[in-house]
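Trainee: This is what each chain is made of:
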Amino acid sequence: MNEQLVSLEAGPPPAVDNAARDLSRPPATALRQAVAGFARDRGAVLALVILVLIALVAVLAPLIAPFDPNVGDPLNTLAPPLTAGHLLGTDDQGRDILSRILYGARLAIPEATIPVIAAAVLGTALGLLAGFYQGIGGGLVMRVLDVFFAIPLVLLGIAVAAALGSGPPTVILSMAVVITPYIARVVYTTTAQLKHALFVEAARASGSGELKILVQEILPHAVPTVIVYGTINMGAMIVFAAGFGFLGLGAQPPASDWGAMIAYGMSNLGSSPWVSTVPGLVIVVASLAFNYVGDGLRIALDPRLRSRA
Amino acid sequence: MRSYALQRLATTIPILIGVSVVTFVLIKLVPGDPATAILGPAASNPTALAAVRQEMGLDKPLVVQYWIWLSHVAVGDLGQSSQFRVPVMSVLPQKIANTAILTVGSLAWAVILGLVIGIVGAVRRGSIADRLLMFLALTSASAPVFWIGILLSYVFSIQLHLLPALGMTSSTEQATPLTVLSHLILPSLANSMISLAVIARVVRSTLLDALEQPYILAARARGMSMRRMVVRHAFRNVLPDAINITGLQVGYLFGGALFTEVVFSWPGIGSLIYSSIQARDYVMLQGAVLVVSAVFIAVNFVSDAARVALDPRAQPA
Amino acid sequence: MIEAQRQSAADRGPSEVVLLDVAGLTVRFPSPDGEVHAVEDVSFQVRRGESIGIVGESGSGKTVTCMSLTWLLPSPPTRYVTGRIRFDGKDLRRGDERSLRAVRGRRVAVIFQNARAALDPSYRIGSQIAEMLALQQRLRWADARPRVIDTLRRCNIADAEGVLERYPHQVSGGVAQRVAIAMALLARPDLVIADEPTTALDLLSQLEVLMLLEQIRDEVGCSIILVSHDLAVVRRIADQVLIMYGGRIVERGSTEEIFRDPRHPYTRALLASSEQRMQGDRLYELPGHTPDLAHLPPGCAFAARCAFAFDRCRTELPDEFAITPGRSARCFLSEAGHG
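These protein sequence lines map, in sequence, to chains A, F and G.
With this note's numbering, letter number 242 in the first sequence gets 242, and the count goes up by one each step, no holes.
In this note's numbering, each number is its position in the second sequence, counted from 1, plus 309.
In this note's numbering, each number is its position in the third sequence, counted from 1, plus 626.
If we strip away everything but chain A, and leave its shape as in the complex, we get (with noise of 0.2 Å):
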């Protein structure tokens, strides 16, 4: 707010340098910083909290869950929500929707983590390869890339999941190959801006090994940018691993990935409309949970990214 006052004073307002971060500050301390700022953050502790909720359920699945997610009762089908014995009601195969939602998440989980992690790992060192030494190799790298961007993100998965057929595995592979590229990308971006920053020139200066300048010196600060467009997009994954459910591209019956539960509740929505919103809505609260987290994350490691609320 006093900048509006301030520019209405004398002279022109300081220059704001938005582009480079501090890149003075070791990261070490940058880290302890960032973590103190995340915690402050009430929203984002919140939903690191809910994270943790959904991954400790993906383990105790078997230990907490009231039923067996397979085994349907057939007296007791298409129970709505809050009928005895059954939280969240039955599927039309009398099936409980809150036992089958939280083996869910034993699908869910790894199919939103994995695919990111791998495509992080991959796609850092991709990005940090081709924005380095750049030349014929990097440049051809990048064109690849351009071609994996220029498919539709869901067809790209889509079609990857359907030549290797369906099931987690490929799930998690087609995903990692569709996220790969845009890491990479970003990467690529960071690593050939500060290619020619100073204390790069420093450490080159100083005779290390220009291997050991791209790791020791360039990867630290790629990291937190990989780190906060992770995390975020472990959110869009939740999303988009349902998306292969739901198309029957997933897991195969009788397993309960919660894309495919919404599916199978489309046979009853009119009179069962619970049997698909309820997955729909777990999965509504783990997107936004991870996209909470990240966001907090993207501010907590650049506090000057904390504007208007």
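Rather than coming from a laboratory, the hints here were simulated on the basis of the structure.
Where is the CB? At the ideal position from N, CA and C, for every residue including glycine.
Careful: at least some of the hints might be erroneous.
Stretch by stretch, here's where chain F covers chain A in the computed footprint (C-beta under 8 Å, at least three residues) [claimed, not checked]:
#1 141-152
#2 158-167
#3 237-248
#4 268-278
#5 284-291
Chain G is nowhere near these chain F residues, computed Cβ spacing over 10 Å in every case [what the hints assert, rightly or not]:
#6 383
#7 385
#8 422
#9 574
#10 610
#11 619
Please build the complex by placing chains F and G on the supplied structure of chain A, with the hints as guidance.
Mentor: Positioned in the frame of chain A, the structure of chains F and G alone reads:
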């Protein structure tokens, strides 16, 4: 402008070729022998099998197969669909047109609602309305498109009987533009959610920036109403970024319509791709992915060119 | 009403009628470091035809105070904690945008420090003046144009027609400031708030602007609030002076009294620095920093830099102790019995 167009065109050709390679490779990766699929039970006859394989060129080296396929594609022959038993090229144009209709509808929702939400959010910054709207936008954007579609279907179609739930036209009535429009409303709304949220956020953010300009405060000091300040003085600065971000959405909306089409049985290219996967119609799948990518690239090119033309500061995607 | 104004202007002295009555104004903003206490418990009155000067360094709260007089600052994020503002006998209620819009510009005109920044760079100067007149007085440009040109000329803008056709960035700072004054003149307001109108200008233009302000005052008979960090600027025009520091008024009195017998140590420092500047000496600089408005000390905000501070100053906030009617200082040195 012209040099930019030529530049983009030059990079597009290799990319298209790359896409064709990826498509080709992907289909080749599918386990199973296409010849077997075509022959069905007759595949147990080795001579017949070999004959079909030779006819399909499956005995030649991969690179040659690719070249043969590519040369067919160049003249518009994308092969024969196994599920419809007609040339792929005869089916695609209509489907693409249908998806284009869906895209235009989605864009309309995204722009109109995005603008409204963004402006309200900026003008009533920090208020309940602002926070609620932005939260709703974020939530809808975080939700699976098909789930939103199902919810919309349930509320407006099944419960309220307001709008049709499936398809592009009614099976009982005549297909007039009006019936198509009524069928278009729900699917395009569902499809627009993510773009809507993006546009809303950008509009709100740039409008807030614009409203913080010193001349806005000065105008307020002269007794100008908020409405006039926004419309006549602040909005100018919002348009470039808004157009920018909208252009970026077009390609995305086109390519991402698949789930919406499946939920609403909208007869577009997304539905086609899905049914091809089910039916193992890989020829169709190959052709469809290739053509969609080409259209995707073309659409992005046009919208990028438009953005750069309208605002020289815009960065190409 | 204009006649009545001319009459009292001709009397060359402020009337007794209170035009603006500010009571208990407290304004705060959020910031990454905590809530900024920009203005704390500020109260004062401006009479018809009276000119007052508000003086203080940047961060003292003078600008925010002026911007708050018609509740100009957007809220949120600004937090108007308390404050009652009465203009021409009527309460200015913060929520009543309609009434506020009728007052802003038309009856209370603001002249900003950076005149060029106060105009939209995408529109010509003429069209923005036209917009203002249409808004405030429902005038059509064809009818208003001659008067606008005349007013611009009387504000020493030689090429008035040319200026109307130009964009804000195409004119100099001095011309822009004169345009701003002309716009205020055209509105014929009851009150003109000039926020550091001379700071961005060269010496010659500074004098010119001050003279123009006097001209407005004499011609229109309006009251003036002149904000500056320099006491000398204010001396010429102001009948009454308010000295602000750390968001509060720390001294007030007639111009003559303030200059003759400054009571608050800060006022004395301001005077000293002003005199030395006029004599061309090296700038007299107060030791210490401007107070951090997000973390104000419990006692007097000036204590840290005050040569005369004692323990009580640091822990207890002094009231505005009356010296004579209309004259007070927020300092324990001025407390009755202190001498």
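Trainee: Does each hint fit the structure? Answer for all of them.
Mentor: Going down the list of hints, with the structure as the test:
| no. | hint | result |
| --- | --- | --- |
| 1 | 141-152 | holds (count 8) |
| 2 | 158-167 | holds (count 7) |
| 3 | 237-248 | holds (count 6) |
| 4 | 268-278 | holds (count 5) |
| 5 | 284-291 | holds (count 4) |
| 6 | 383 | holds (50 Å) |
| 7 | 385 | holds (50 Å) |
| 8 | 422 | holds (24 Å) |
| 9 | 574 | holds (47 Å) |
| 10 | 610 | holds (31 Å) |
| 11 | 619 | holds (16 Å) |
Of the hints listed earlier, there is not a single one the structure fails to meet.
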